[in-house]
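The primary structure of each chain is shown beneath.
Number of protein chains: 4
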Amino acid sequence: MASGKDETQPFERRLRMGMIGGGRDSFIGAVHRQAATLDGSVELVAGALSSTPERSRRSAQEVYIPEQRAYGTWEEMLEHESALPPAERLDFVSILTPNYLHYPIAKAFVEAGFHVILDKPMVLNSEEANDLARAVEEAGVVLAVTYNYTGYPLVKQARHLVKTGQVGEIRKVVLEYSQGWLRTKLEDTGHKQAVWRADPSQAGIGGAIGDIGSHAEHMVSTVTGLEIEELCADLTTFLPGRLLDDDANVLLHFTNGARGILTASQICTRQENNLSIHVWGSEGGLEWYQEHPNHLRFYPADGPLQVMSRGSSYLCEAAKRATHIPAGHPEGFVEAFANIYRNATDTMRARLRGIEPTELELDFPDVYAGARGVFFIEKVVESSKSGSKWTPAQWKRG
Amino acid sequence: MASGKDETQPFERRLRMGMIGGGRDSFIGAVHRQAATLDGSVELVAGALSSTPERSRRSAQEVYIPEQRAYGTWEEMLEHESALPPAERLDFVSILTPNYLHYPIAKAFVEAGFHVILDKPMVLNSEEANDLARAVEEAGVVLAVTYNYTGYPLVKQARHLVKTGQVGEIRKVVLEYSQGWLRTKLEDTGHKQAVWRADPSQAGIGGAIGDIGSHAEHMVSTVTGLEIEELCADLTTFLPGRLLDDDANVLLHFTNGARGILTASQICTRQENNLSIHVWGSEGGLEWYQEHPNHLRFYPADGPLQVMSRGSSYLCEAAKRATHIPAGHPEGFVEAFANIYRNATDTMRARLRGIEPTELELDFPDVYAGARGVFFIEKVVESSKSGSKWTPAQWKRG
Amino acid sequence: MASGKDETQPFERRLRMGMIGGGRDSFIGAVHRQAATLDGSVELVAGALSSTPERSRRSAQEVYIPEQRAYGTWEEMLEHESALPPAERLDFVSILTPNYLHYPIAKAFVEAGFHVILDKPMVLNSEEANDLARAVEEAGVVLAVTYNYTGYPLVKQARHLVKTGQVGEIRKVVLEYSQGWLRTKLEDTGHKQAVWRADPSQAGIGGAIGDIGSHAEHMVSTVTGLEIEELCADLTTFLPGRLLDDDANVLLHFTNGARGILTASQICTRQENNLSIHVWGSEGGLEWYQEHPNHLRFYPADGPLQVMSRGSSYLCEAAKRATHIPAGHPEGFVEAFANIYRNATDTMRARLRGIEPTELELDFPDVYAGARGVFFIEKVVESSKSGSKWTPAQWKRG
Amino acid sequence: MASGKDETQPFERRLRMGMIGGGRDSFIGAVHRQAATLDGSVELVAGALSSTPERSRRSAQEVYIPEQRAYGTWEEMLEHESALPPAERLDFVSILTPNYLHYPIAKAFVEAGFHVILDKPMVLNSEEANDLARAVEEAGVVLAVTYNYTGYPLVKQARHLVKTGQVGEIRKVVLEYSQGWLRTKLEDTGHKQAVWRADPSQAGIGGAIGDIGSHAEHMVSTVTGLEIEELCADLTTFLPGRLLDDDANVLLHFTNGARGILTASQICTRQENNLSIHVWGSEGGLEWYQEHPNHLRFYPADGPLQVMSRGSSYLCEAAKRATHIPAGHPEGFVEAFANIYRNATDTMRARLRGIEPTELELDFPDVYAGARGVFFIEKVVESSKSGSKWTPAQWKRG
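As they're listed, the protein sequences go chains A, B, C and D. For the first sequence, my numbering begins at 3 and goes up steadily by one. For the second sequence, my numbering begins at 3 and goes up steadily by one. For the third sequence, my numbering begins at 3 and goes up steadily by one. For the fourth sequence, my numbering begins at 3 and goes up steadily by one.
Worth flagging that the hints you see were computed from the coordinates, not collected in a lab. Some hints here could point you the wrong way.
Which copy is meant is left open, so a pair is good if it fits within one copy or across any two.
Below, a list of computed lysine-lysine pairs in the BS3-like style, where the Cα atoms sit at most 27 Å apart [as the list claims (entries may be wrong)]:
no. : residue 1 : residue 2
1   : Lys194    : Lys322
2   : Lys165    : Lys187
3   : Lys187    : Lys109
4   : Lys387    : Lys187
5   : Lys187    : Lys391
6   : Lys165    : Lys398
Chain A on its own, in the form it takes in the complex (with noise of 0.2 Å):
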């Protein structure tokens, strides 16, 4: 077998999380433990993981957190961790609650003086991002969006290739989110997780846009360094009674003159998790399939399609940092999403050395990602509303 190198810096200790949120039934929540831990760099020491004491208890026992760390509640945890000295206090914590508590339990932490890592979309609507923008600022604090598709390699790969002038001048992006897993009432069934996102009052604004979408619209602007400056968007509800969008389309301007299309739906039957982007630029093309994410696909303009894969010398630093083990022995998913935790709590440890962390620990998506991501939701339903107006969608910093 082929070597790969353990590029972890080693850290005096194992950095201490708290989770709140990600309890027993919660697919989420094993993902975040399985990435926060996957290159034992960090320990799990303590939760708050359910929605009522007791079983927020129960669900901290089945993954070995201690009982004493076992809190009730969130404001339990935030109370006493505080109170703990520095030897001992949580070095972040990682809230995957339904989204309409991320607001009121991120910025509890921030202001508190805790590292966060939050689940997106990040919060419920601009004015509540605008403000935690500013409480992070204020504190000083990591906060991380796990927009976890951006944390794949080829996907910095791509977004290499565009920097370094390989596509040329961006024309048009094609964006493609398709899952089936809402084709039918699932909410109606007590699916935990179909019902929070079906409630408006749990899941704000967006459905598919929401969840998906939002997905959709960082790897965009992730990939391309697009902005874009225009949305024409068609909302669609297809189950009888759902009181959010399950499909939506939307064109895209962007402010350079390039074109774009995005569709994320949640009805297309038997779809799994079918993420894809494609930049067409003057000198080049892209492809990239979230389903089969050790490769990417590249056009140069002259020449064969060039098919790079994960762990090969030819690619960038950020997607060779991005990389756990050799070519061929597939990644997924969880290292993916491991690599914004890998990058988040980096900057930390940088932050902790009192050091300044490197671009390449940098690479997260930060408060700013999030508030693009709420404004660009926002901004969707308002066209779709407006019976598909051409609406500005500029983000600025609040």
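Model the placement of chains B, C and D on the given structure of chain A, informed by the hints.
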């Protein structure tokens, strides 16, 4: 090698074909000749192949058209052939000139009682389309439009799965047609096919939307049977000085409530001829890719993805009839094109015998499909000019 | 649609073709007719298509062969055509009978001065092969063997990459040819093509190894230019009562020290026509799959996998000449088959003009390739009968 | 995002793991750590990670092993851990040293009553294998061999389709394992993993056949349940001066009459880790590719190819248990590796609880699988040395 039955019914003689346009340097001329004669039941006996009499005659010689039927102009062909006794006269003509000549030539031959095969888009506008349809009705001749991509057997199978309810109620359609050959201003280099396509007086009001978007419209209409109710379009011209669109993005509302998105572009660097259709219904999904035409992906709501393969016993009758050689022996573009000819000329043979053509024989794009395509282009252009307003686009016989 | 130049040189007339075998119910008869006439420069004017005079004449009628040249037997055809004046006489005959008739028919026509196109395997044994080669040399006619799979443009490109050193010294070759159509005893159902292939007196000593293994041998010889030094074979018959092998596994030693493995089987359930070649050299690797023939995978030792695409400007001359329509418009089995005809008949045309055919025109499998294929089958059978002993298998002109 | 249930049963504490080998620069060390701890139910608490005491301690520090359990040698670890009270003592050790150390270390720990997880090939020869098997039987401990590729859920599904008769009687198996990383003499550059693999005193008698061919043997045995009766092998060393084979081609006869072909090579330029298995039976066929592990291709004799997808409801229990996150969220190498740990450690937990492990828990490669693999390598080498004689190779418990 496995057996493949030639199901063509014998006919007492080959049909006599004349060709207008399609001379030297024409890619599509060779395709039509190959498609028409693939199974040996048509012979090319006359032509007016190029834009000048001299070039026409030289082109005719190259394709072994006898000198006496190597006409200098289509008018000459019409006059001489009309004067021939029925036993010698052409059975049909194929018209593959630049778009603006389709209408006058087709109408003249139709009125003279010849069957006609026409390239797409059929004519320049709905007025011409409706007039041509009336002429066809009055003359009682066969007119086929070479929307060749619906000639593929797996497209017929896709249509079959929809018709027989295996996809359920259709909710979402994604259409993509990406090419890259107009990424630069090829028309400025004298490239013949680029030149006329870039000239509105020859090509009509549609650039990419006319040249390839119209194929996508015919594809979705054929496979789904749905009707477009309204559309919201965004046409762009990327190359400075180009007069027609080279990129089209269109949102679609179908009359049954389904949503769609169509992107057609000729500036997608190194994309070759990437037409695909994705259909998502309440009970299943479908995907088909023109560049891999021998397979169809069918997603039943329960159970694994099925990859259907050309030449298989489980396919529908129309797909089987459209199959020339056994599974695993790849068929391509020419065979699909030939299937339009096969059904159109079998319909002509039925007429010549005085019998009713079967439903399988009548399975080719007719003058109404051609008219609907022209109408679609008009509506897309209208919506785009209005600033992407939703524009009613339900086609009705004129 | 992008332009595709028809590079065929005009010739004053179509070549006159006669066909022996390939009547009704013959899959390969239709393929030869399509392949021969695809670009319009050959016309089928005579035939002895079936095994009885009556069926021959009926078959001839179905493919519009004039009655006076619809012969009852090949002997009749030979006699009558030999007597015709040169301006009317056949230019060449295509022989697609069961294998055991190849030798007598081909030899007779060769000796009478006709050019010949022959299905593979060329003849039943090396004695016949050497004798036929001598007859061809003496008569000075063109003889082509339809190893059609090497007619694909990307196979020619693979050969080019090897020849130009881009693969380096070849070390390893993997050849796979899997079909499933003989998974059951199809020959017991009366299936015509299965019947004669299962009968050693008609098919010769090879079952799967003769029918498809010989294609694999020609593929590896063509692409790599290597010579087999010795082989170690294991033939199996899975279906009780079947007289010939239906599965073949062969280890190969090439004279340059390269190693190879060849598996050919007709009992691989639901495999259609899955021929692939994989070549691994010191500087690069190659992969090509017959069922996806428009692309070639090239692995340079440094840098990403390159996927070469038919119709691209970077391909070699032989690949370009073998291309009929632009990239993205899939070509398939028939076009590859037609390329054997194109080069063989262009060579005939050169001879008719009294000029030397070019290297590009001479690029078709000749009588020596046919002889090598027959020798290969003999050696595989010999090795298998010996209990898989390594058996010297270097072919030399007889 | 769709829900994925964490099916791990809670246990009162994490299992305590010690690691021998796998220090800095070891790719496989990181993999074992990630695999063991992926679901959070194992903690790494002790290690003797490198070949010198100093490097061992430095490596241990980097992976946060407490100083007092950072042993200098495995003998030191054995002595100290054996002396600890059961409540602190290691539950199991993982051994990832070069092959020649597997036997002495594993035997010592087994005899001391520790459970053991061992890299493959298990030991150097059948004598060691049989002796180790006896030791395991006597000690009553769990011994698992990390044939990690059979940990993939779709491999378990393949096995299920065979077991439940959906493939029918198996006739043919094709196994391919191609890598390119030893295309040059990497061992001469000091590359650590290449160095010991190239040294027979450390690696044993097999080069490619031992390193990766043994994985292929375990794959075919697991999926098909067939036993190899005899084999005919051809081992080659391409790089001058290399002492072990870098290319292996093997013909297989199974006891049920099935035929097989196995090719394993490490000189296939730019091939990464291309392991695949193809199984053809009387009623169906199967194909699985390690580099695309989330899908399984199943060819029923009637009906279309089915592409089965990880995480789907139609999969067997063992496949479901081996699934960590929902369909469409790609899993890879680490998850498959973790599945070996999951089942082996669940079996240990059952033993700790004094209950019988279930069949699902016992689903991991045991000492007999390890012994069979060692025997296979011996027989391949024996056949190759004999000039590719058919060599009896049916394994029986020693």
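From the Cα coordinates, with 27 Å as the cut-off, is the pair Lys165 and Lys398 best called within, between, both, or neither? within (22 Å within a copy, 49 Å between copies)
From the Cα coordinates, with 27 Å as the cut-off, is the pair Lys187 and Lys391 best called within, between, both, or neither? Classified as neither; 30 Å inside a copy, 32 Å across copies.
State whether the alpha carbon distance between Lys165 and Lys187 is at most 27 Å within one copy, between copies, both, or neither. Close across copies (25 Å), not inside one copy (43 Å); limit 27 Å.
Should Lys387 paired with Lys187 be assigned to within, between, both, or neither, using CA atoms and 27 Å as the limit? within (23 Å within a copy, 39 Å between copies)
Intra/inter-copy verdict for Lys187 and Lys109 if alpha-carbon distance must be at most 27 Å: Neither way: Lys187 and Lys109 sit 34 Å apart in one copy and 54 Å across, limit 27 Å.
Is it within a copy, between copies, both, or neither that the alpha carbon of Lys194 lies no farther than 27 Å from that of Lys322? So Lys194 and Lys322 pass the 27 Å test across copies only (20 Å; inside, 37 Å).
Of the numbered hints stated above, those contradicted by the structure are hints 3, 5, listed in ascending order.
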